[in-house]
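Put the two chains together into one complex; each comes in its own frame, and the hints tell you how they fit.
Spelled out from the first residue to the last, the chains are:
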Amino acid sequence: MTDEQRDAAQAYWKENIRLITILLIIWAVVSYGCGIILAPALNNLSVGQIPMGFWFAQQGSMYIFIILIFVYATQMDKIDKKYDVHE
Amino acid sequence: MSVEFWTYLFVGVTFAAYIYIGYSARVRDTKGFYVAGQGVPAVANGAATAADWMSAASFISMAGLISFMGYDGAMYLMGWTGGYVLLTLLLAPYLRKFGKYTVPDFVGDRYYSQAARTVAAIAAIFVSFTYVAGQMRGVGIVFSRFLGLSITGGVIVGMVIVAFFAVLGGMKGITWTQVAQYSVLIVAYMVPSIALAVVLTGNPIPQLAITFSDFVPKLDQLQMDLGLGAYTLSNRGMIDILAITLALMAGTAGLPHVIVRFYTVPSVRAARYSGGWALVFIGLLYTTAPALAVFAKFNLIETLHGKTIEEVHQLSWVNSWETTGLLGFDDKNGDGIVEVAKGDANEIKIDRDIIVLSTPEVAGLAAPIVGLVAAGGLAAALSTAAGLLLVISSSLSHDIYYRVLKPNAPESERLLVGRIVILGAILVAGYFGINPPGFVAEVVAFAFGLACASFFPLILLGIFDKRINHHGAIAGLIVGLGFTAIMILLMRSQKLLGTPEPILPSFMGISAQGIGTVGMILNFIVTYTVSHLTEAPPQEIQDMVESVRVPRGAGAAVEH
Numbered sequence: 002m003t004d005e006q007r008d009a010a011q012a013y014w015k016e017n018i019r020l021i022t023i024l025l026i027i028w029a030v031v032s033y034g035c036g037i038i039l040a041p042a043l044n045n046l047s048v049g050q051i052p053m054g055f056w057f058a059q060q061g062s063m064y065i066f067i068i069l070i071f072v073y074a075t076q077m078d079k080i081d082k083k084y085d086v087h088e
Numbered sequence: 037m038s039v040e041f042w043t044y045l046f047v048g049v050t051f052a053a054y055i056y057i058g059y060s061a062r063v064r065d066t067k068g069f070y071v072a073g074q075g076v077p078a079v080a081n082g083a084a085t086a087a088d089w090m091s092a093a094s095f096i097s098m099a100g101l102i103s104f105m106g107y108d109g110a111m112y113l114m115g116w117t118g119g120y121v122l123l124t125l126l127l128a129p130y131l132r133k134f135g136k137y138t139v140p141d142f143v144g145d146r147y148y149s150q151a152a153r154t155v156a157a158i159a160a161i162f163v164s165f166t167y168v169a170g171q172m173r174g175v176g177i178v179f180s181r182f183l184g185l186s187i188t189g190g191v192i193v194g195m196v197i198v199a200f201f202a203v204l205g206g207m208k209g210i211t212w213t214q215v216a217q218y219s220v221l222i223v224a225y226m227v228p229s230i231a232l233a234v235v236l237t238g239n240p241i242p243q244l245a246i247t248f249s250d251f252v253p254k255l256d257q258l259q260m261d262l263g264l265g266a267y268t269l270s271n272r273g274m275i276d277i278l279a280i281t282l283a284l285m286a287g288t289a290g291l292p293h294v295i296v297r298f299y300t301v302p303s304v305r306a307a308r309y310s311g312g313w314a315l316v317f318i319g320l321l322y323t324t325a326p327a328l329a330v331f332a333k334f335n336l337i338e339t340l341h342g343k344t345i346e347e348v349h350q351l352s353w354v355n356s357w358e359t360t361g362l363l364g365f366d367d368k369n370g371d372g373i374v375e376v377a378k379g380d381a382n383e384i385k386i387d388r389d390i391i392v393l394s395t396p397e398v399a400g401l402a403a404p405i406v407g408l409v410a411a412g413g414l415a416a417a418l419s420t421a422a423g424l425l426l427v428i429s430s431s432l433s434h435d436i437y438y439r440v441l442k443p444n445a446p447e448s449e450r451l452l453v454g455r456i457v458i459l460g461a462i463l464v465a466g467y468f469g470i471n472p473p474g475f476v477a478e479v480v481a482f483a484f485g486l487a488c489a490s491f492f493p494l495i496l497l498g499i500f501d502k503r504i505n506h507h508g509a510i511a512g513l514i515v516g517l518g519f520t521a522i523m524i525l526l527m528r529s530q531k532l533l534g535t536p537e538p539i540l541p542s543f544m545g546i547s548a549q550g551i552g553t554v555g556m557i558l559n560f561i562v563t564y565t566v567s568h569l570t571e572a573p574p575q576e577i578q579d580m581v582e583s584v585r586v587p588r589g590a591g592a593a594v595e596h
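Protein chains in written order, with our numbering: chain L, 2 to 88; chain E, 37 to 596.
Here chain E stands alone, though its shape is the one from the complex (with noise of 0.2 Å):
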């Protein structure tokens, strides 16, 4: 049987499986649709927010990310892992108790305000939509790579997928597909890494054959034989990679779509654990990519590395990734000897994709775990897309229509309402996975920024300090936000306004990837300056903080 059977075999199945799930799901009213009528249990729901945290990027890209970028790769595993306890221990719980549907909701009800709720709803918005184009365009390079489809036609296909479970299902069908999507994903990362970790120690569990093992101490020997530098130190400033991890991890606390999840369980006690459960689903995956990390990248050095051209391609896996273009060899120095050196003299160009996508070959696995792969990675994306589109939907239907505009608008039709933004966000984000624009990369470090400079400082001063009033949240929000972003402005300024040099290269040695850390600092600052120079919030709200901070009355949720 052909890789392609496999890979139409377990597509297919897995694909049938979200749409009869999503049908399954599918909801009558507004309560289920976007918050899952809060009844989804605390290990289902962890298994959610993992699906719907990793996306493409983590499941394709991450591993071959941090095998580049050795030590320096901590900064994204520990951000994206410690963003959990902060939300859990700080934000999780009571949001749950406040038991209304969004963000925006806490924060306009929070600070009182229609403008705070808008800018929340708007900041929502845009940070989803920034993540849901990459998340298309995944979708249409795993089509594309494994099933010989056009991108445009695997981004139609993953667009018709989600519609169906989305629209039909909301927040119930995305929270059950997401649980099927988790488990699909999983499996496909860990089978190749188990497979590999056999193969290379003899010891099946990852993360046990890379402390066990001297592939470390090998491959820092082998890197630094080569002059690249020892692929267990660092090559940036300890500063940067200080503010760069805090940035992710209170970037990734302050992200809508993670925190909506903890709405769906049905108390406060179960947002607890569900965000302990979260944290173990992904960091399954987490801790397996560093492993991954150093295996793959030892071997393809050890496989390619002074070898003769004829040598190499003899090896049918790099024959069928050469033609994919991912993998490329240039004899530079005409020797006819492929080598791996610092800089311009390397002749071995490897795409940091390449490390996840070809581990079942280079393990020397069969067929099927190819076609599992490409499941995995159609999971990952579809899962991630379906939780922003919610967002997207949620702020612009409930936030603004139904809390801004029309206060009046019967279930009916806010049910209605929701179901068409959504399926028009689904088109556009669809629009962009086609048709990219340049900036995708750069708008990244935009969505953690704005979330670690706004969503985090304002929620959780929302909820540990009751004498925080609007005055104090709209001016940090103002602040934080406005130096966030045009900070990266100025250090991306290359691709955002086509400056031949960026305006800026750092902020006191930090990088635009961590610059919200310095803007949550000054939105910490102004925002509780200005409160305690003006007047306190009105008792009522004051009560509001009093009450989300005790558990108790969590499962009847205030409808309104």
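With the rest of the complex left out, here is chain L (with noise of 0.2 Å):
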């Protein structure tokens, strides 16, 4: 490996570091966030009419989880092709 292709791989890595670390930030808010520590409050508010602490927590961290992967997969998609080492 030369020395560029040294600093291609470690900017590569760190951009998928940064993505990743935004989309967990993300998932840990929604679930551990709204779904438990603020459900309490949450619930003075509703989505439809279900209390929205439990909502989050039965029903909408899960819809966030799978848009969360599918974010990943797209944006991880772009940044293989920045870098070139896609399949």
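Hint data in this document are derived by calculation from the structure and do not stem from the laboratory.
In this text, all values refer to a predicted model and were calculated from it rather than measured experimentally.
Just to be clear, a hint being listed does not mean it is correct.
As the list claims (entries may be wrong) - For the chain E half of the interface with chain L, some residues (derived, Cβ under 10 Å), not all of them: (1) 111; (2) 120; (3) 126; (4) 247; (5) 253; (6) 256; (7) 274; (8) 282; (9) 285; (10) 309; (11) 315; (12) 318; (13) 587; (14) 589.
Glycine included, every Cβ here is placed at the ideal spot set by N, Cα and C.
Structure (structure tokens):
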């Protein structure tokens, strides 16, 4: 591996880590935050006719998990192409 | 046409399909046997992962469990789905790039240690066996409840079917039958749920029906009137809920039978998308279950509470479930009226399995749907059992026999050993299905605790920190596994050791189900510290870590 390739590999890995970090913060905020810790407070609001904390815990968090994975997959497609490491 | 006729028809047709698919997908080499030739498309692998993951318990018991736990059921819902985010972002793509056949393969190679490989293989076998016993039991129960067969007879029929496609087709046969089994189980789950949602709210989508109808506030009110506490509020300590949810998430991400599914796709990119598809397919059932839980609970209380014994016995479904022993009445205060109440005053005994199993009848659906639900329950149990049996087979025949004991074994011998071991594992699992050890439920806490405190940190650090060496990995494994196992033993000592009271009721407010979280944190700390105090791993290991981080080159998987 040349120095240039090594730098590119490091930059690629950094971008990957950055994307993972952002997505996992959202993951933690919706499940542990909105679904558990903040649930009693959020229950004063509602989604449709369901208290909001309960909705995040038993519905909303799961929808957001699905979105997070597809955002990761599509963003990584772009990053792979940018650094020319796609398959 | 009777319910029995439809049940035989649906079960017969679906079983014939599984056998046909298993036969068409038979394999001739170990790569086909262990990882389906690494040619499974992302969407198909997603469906297979969903079937692999959702067991008889997810299909039959989960909605009922949530129904009785109320808000607290969320820790299972979030724990068992949120784990796929961790798996897809942190583990699956890199393990696919690594490209070998099993989780112990990665552990053994990354930590250049046969001891670590052996420990990983044994942990994989232990976790999988605890799971598979419950699946074979589930098969037996569905057969006995819907077809009047004995549990033993049902387990034997289930064993023969699994043996057929697993021994012949290995991972390839299992994958394609799992795709078919997912289709059967999701149709069987959604049809009665949609029907119930339409009957109760007029809205055919259960997820929307629950959100935009007034059933949740009505159930809250009803429960508070009966002194049961609001459905939407928690009955547990918050620290325990946090710990259990995290243990289930990291445990899910670390379960070998789930991870190995991501070795079967053709590329790193496909591994990422397939994680998303898996969660779409799982989420369909997991977001329907809480709706079903609310509808069924409200409906049951509304229908039964405050009625006279004679009135409830005029309902035909009440009589048929009472004879199975899953529904029972005990007029304790002798006033001739059945009442739902808190604690000992409660006069209606409802088994949680009834919530899903009785939905078709409660919603007034015809006999064919009942047969469909039976076929769905069997699909869920068989698909999970097959995936687990393959992990047991690959751990014994590939990781221990080939990689540790006899590294020069030829391809044909390895394939034969794989087939013999999977057959043996089916017999052992069947035996436990017929004679279940009394502690099965207790041991499931072990399975998640172990996966969470061992595999998850081991693989994660192996990918994200090049500096982690075999000293750190082994020390972390011993501390994480040791702590978790001892804590579960102490907290579940009534069942596991036979003490009259649990030796330790909880650890700082965390129960046995959540203790894997503490084990995992200890594992991370010990592995990191020990690794950074000792010498760096050899250059070729660091280069290997560099290479798994980059997608290109995964197509040509390493043969060894």
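Each hint, compared with the structure:
A distance limit of 10 Å between C-beta atoms decides the matter here; for residue 111/E the minimum to chain L is near 8 Å, and the interface restraint holds. For residue 120/E, the interface hint holds, since its Cβ comes within 10 Å of a Cβ in chain L; the closest pair sits about 7 Å apart. Taken as an interface hint, residue 126/E checks out: its beta carbon lies about 7 Å from the nearest beta carbon of chain L, inside 10 Å. The criterion of a C-beta within 10 Å of any C-beta in chain L is met by residue 247/E, whose closest approach is roughly 4 Å, and the hint holds.
A distance limit of 10 Å between C-beta atoms decides the matter here; for residue 253/E the minimum to chain L is near 6 Å, and the interface restraint holds. With a least beta-carbon distance of about 8 Å to chain L, the hint placing residue 256/E at the interface is held under the 10 Å criterion. Hint status for residue 274/E relative to chain L: holds, with the closest Cβ pair at about 7 Å, below 10 Å. Of the supplied interface hints, the one on residue 282/E holds, with its beta-carbon coming within about 8 Å of a beta-carbon of chain L, less than 10 Å.
Interface hint status for residue 285/E: upheld, as the beta-carbon distance to the closest one in chain L is roughly 8 Å, under 10 Å. Taken as an interface hint, residue 309/E checks out: its beta carbon lies about 5 Å from the nearest beta carbon of chain L, inside 10 Å. Taking 10 Å as the C-beta contact cut-off toward chain L, the hint placing residue 315/E at the interface holds, the least distance being around 5 Å. Interface restraint check for residue 318/E: the shortest CB-CB distance to chain L comes to about 9 Å, inside 10 Å, so the restraint holds.
Satisfaction of the interface hint for residue 587/E is found here, the shortest Cβ-Cβ separation to chain L being roughly 5 Å, below the 10 Å cut-off. A hinted interface residue such as residue 589/E counts as satisfied when its beta carbon comes closer than 10 Å to some beta carbon of chain L; here the least separation is about 8 Å, so the hint holds.
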